[in-house]
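Protein chains in written order, with the working numbering: chain A, 1 to 223; chain B, 1 to 114.
Among the hints, a few may not be true.
Unchecked claim - Pairwise CB distance ranges, derived in the manner of DEER restraints: (1) A/Ala-207 - B/Lys-52: 30 to 40 Å; (2) A/Thr-88 - B/Asp-40: 15 to 25 Å; (3) A/Ala-78 - B/Glu-107: 15 to 25 Å.
Said to hold, decoys possible - A short list of chain A residues far from chain B (calculated; beta carbon distances all over 12 Å): (4) Lys-2; (5) Thr-48; (6) Asp-185; (7) Glu-208.
Since the hints were made in silico from the structure, they are not lab data. Quick reminder that beta carbons are idealized off the backbone N, C-alpha and C, glycines included.
Residues per chain, in single letters:
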Amino acid sequence: MKKVEVGKKILSANEEYAFKNAQILAEKKCVCLNMISSPGSGKTTILTRTINELKGKIGIGVIEGDVQTDIDAEKIRATGAVAIQINTRGACHLSAKQVSDALSQLALDDLDIVFIENVGNLVCPSAFELGENGKVAVLSVAEGDDKPAKYPALFAKAKALLINKIDLLDSVGQEDFNIGRVNADARKLNKNIEIFHVSAKTGAGFAEWYDWLAKSVKKTVGS
Amino acid sequence: MHEAMVAQSLLASISAEVANQEAKPISAKISCGVLYAINDELLCFAFDAIAKGTPCEGIELQIEHKPMKSRCNVCEHVFEFELSKLVCTNCGSEDCELLPDSPLLLEEIEFDSE
């Protein structure tokens, strides 16, 4: 038997694309946020509200990742924003190569923020860097308050956490969704995580989210 | 099932090394942090399927999972992370932070020397 030491990163091919994506985005002074959550947590509704309410102030483009259909891209396009749909045809996450192809179709000079709406999945998308400035986790109250404990990867890596559908908090009840537990568990995994309590339906809590986005844009343009 | 893409990248990484050797590869050791959420059975299944018919066919994967670790900000003690009781195992302080996850690495490949 002969042993050969290698010591190489297995995902280096993906990471090379991610690095190139990050370079292109930095050159164009675009902030890129990778939105990750379960299916149905409200990512698309958060984005359509955000685009509509920041229209004329912050230029937003969206890369939509779905297993199939362009339903989400159409919802984004209805706001007037540009959306590039990626259909993964079964794959449960986006790769940096797919994002690279989508970025080449966006007029980045006109954009301040590129949102990547990843495939709805709490596990797989967190393992692949796409070249983003940060991951944004979305958790809706109907999913239960044990998600940071059960799916730590996303919450440990995310820059921000949007706890969505807080308008349903009373119906779901404190015993099934203790918002204090979510805040505490997320902060144990990630003491710098920014947490926003929002309702994409009513607009509650969005002012703080917009402040954070504006600060992120300012930081990127200034650098 | 993100193991499919990991398996593809792993096959490419191992193939690049195997091309430099004349001996037959027997096994490969890889290591990964907990946050990569790698399921051994799924990764081995995916790897076996795509390695079929290549020089990497039949390689046995040995997967080492590296635990998440925390560091105490008071006494700098490093210990295994546990969400349910996040206190320093040395001084009892609650001022601890999670350290970066271990990368997904191809550590070594074992070849048949005959």
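Verification of the supplied hints:
| no. | hint | in the structure |
| --- | --- | --- |
| 1 | A/Ala-207 - B/Lys-52: 30 to 40 Å | 56 Å, violated |
| 2 | A/Thr-88 - B/Asp-40: 15 to 25 Å | 24 Å, holds |
| 3 | A/Ala-78 - B/Glu-107: 15 to 25 Å | 50 Å, violated |
| 4 | Lys-2 | 5 Å, violated |
| 5 | Thr-48 | 28 Å, holds |
| 6 | Asp-185 | 6 Å, violated |
| 7 | Glu-208 | 24 Å, holds |
The structure fails to meet hints 1, 3, 4 and 6 from the earlier list, while all remaining hints are met.
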